[in-house]
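2 protein chains.
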Amino acid sequence: MGKRNLQVCMTPRLFDLYADQKSIVVVVDVLRATSSMCVAFEQGVKEMIPVSTVEEALEYRNGGRDYILAAERNGKPVKSFDFGNSPQTYLDMDVKGRTVVMTTTNGTKTINIAKVKHDVAIGSFLNLDAISEWLIGQERDVIVLCAGWKDLFNMEDTLFAGALVDLLITSEFYSFDCDAAQASKALWDSAKSDLYKFLENSSHRKRLANLNIDSDVQFCLQLNQTQIIPILVGDKLVPSNQC
Amino acid sequence: MGKRNLQVCMTPRLFDLYADQKSIVVVVDVLRATSSMCVAFEQGVKEMIPVSTVEEALEYRNGGRDYILAAERNGKPVKSFDFGNSPQTYLDMDVKGRTVVMTTTNGTKTINIAKVKHDVAIGSFLNLDAISEWLIGQERDVIVLCAGWKDLFNMEDTLFAGALVDLLITSEFYSFDCDAAQASKALWDSAKSDLYKFLENSSHRKRLANLNIDSDVQFCLQLNQTQIIPILVGDKLVPSNQC
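Line by line, the protein sequences are chains A and B. The first sequence lines up with residues 5 to 247 when you count with our numbering. The second sequence lines up with residues 5 to 247 when you count with our numbering.
Hints were generated in silico from the structure; no laboratory data involved. Worth double-checking, as some hints may not be accurate.
If chains are identical, the list can't say which one is meant, so a pair holds when it fits in one copy or spans any two.
In silico EDC-like cross-links for lysine to aspartate or glutamate, where the CA-CA straight-line distance does not exceed 20 Å [stated by the list, open to error]:
no. : residue 1 : residue 2
1   : K7        : E59
2   : K83       : D181
3   : K80       : D181
4   : K154      : D20
5   : K154      : D181
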């Protein structure tokens with residue numbers, strides 16, 4: 005195959021302009037859903053079921069199986085759920101072999117938009133190099149889909165997109181007519197020497213700072229902490245090496 | 005009034021997320037509709053009527069008045085129209101006192117989306133300082149609305165947005181929760197030393213290069229060539245100092 009097309013879609017609201025039914029879609033919600041997914045599998049979670057609504061998640065409670073239920077809305081854990089969407093929660097608990105049902109403000113909704121007509125993989129700074137190498141091996145076009153914040157552009161997901169463009173564009177990918185890919189890479193170039201500082205004035209850091217969870221931001225901005233590539237098989241996320 | 009809110013909306017597809025019925029909306033289509041509007045008024049055009057469709061523009065032909073009809077689709081002038089959307093056309097003709105009816109792929113459509121519930125002004129690099137000073141004097145919140153390309157993000161309009169953020173944010177504006185404003189400014193910071201080179205790989209430059217109108221790109225990237233601020237009054241654009 006010749007050079008492969010690499011595009012960046014900055015918010016799910018624009019996804020229909022990119023959807024082509026053949027590209028792999030990398031869903032990104034750095035703060036914090038897709039970072040949590042990478043950590044969960046690294047800690048031994050068997051599978052994750054991303055659902056769009058709190059009600060859907062609650063239906064699993066009475067399903068007879070011992071699910072972990074994780075839900076976040078507007079940056080906060082939802083009352084009566086086991087977990088919110090903090091990745092560090094998975095470090096404190098024994099989650100080996102468990103199934104997690106997760107719903108978040110932006111990340112799980114975006115996965116469910118992408119999955120209708122595309123194969124889906126999960127990206128975060130924590131698995132940056134790993135997903136880059138995995139994508140190179142897939143011989144497919146790629147769309148990086150930023151979850152954003154309630155359909156708005158956000159900085160941290162775009163920076164991840166830029167980091168991925170930076171890694172892929174030098175190999176067998178091109179990005180002929182996607183200004184969003186070029187802008188993402190330019191932003192990454194400006195930010196990469198100190199991601200945390202670059203995001204100082206971002207809306208999401210301010211939002212999380214108000215919730216006293218700034219340590220999650222620092223955690224999610226670490227590069228290359230895992231080789232895990234979560235991918236969607238049917239309605240469940242599983243690590244790609246277990247398919 | 006206290007600090008005023010400054011937001012950047014990267015494509016008209018997202019505008020409903022920003023619309024608040026009170027901000028002034030600065031519509032930006034650097035290549036080339038809003039640059040042409042600035043030049044047209046600088047050359048003495050009396051008023052411009054932005055319409056969304058070629059059919060609407062053609063209705064003016066038989067209206068009994070001596071309109072200049074300007075239409076562009078996909079970067080090319082539309083057959084049988086007087087003008088396309090090249091700003092340099094207005095330099096070659098005597099247009100003093102004339103009325104221009106204009107329709108373009110992105111710019112005029114975006115104006116007509118914004119005008120439904122907002123006051124509209126027209127920005128381009130050609131009137132950057134002038135519109136910045138005019139906005140400071142208006143004592144209103146501001147939304148910079150990039151026309152983009154067929155609802156996609158584009159680089160040149162975002163760079164203009166960043167240039168305007170750069171000028172405004174140091175005075176009485178803030179941009180508390182708009183990551184798009186911060187990203188635009190960061191891109192402008194990366195690009196401003198050589199805009200033309202920064203846009204070398206942009207989709208629009210490639211598109212225009214194929215049409216042999218690269219000189220329009222150079223023309224539209226000149227800063228501060230006019231003091232004109234086109235604003236929308238009813239359905240017509242006029243220079244602000246003639247209201």
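| query | Which of the numbered hints above does this structure break? | reply | Of the numbered hints given earlier, those the structure breaks are 1, 2, listed in rising order.
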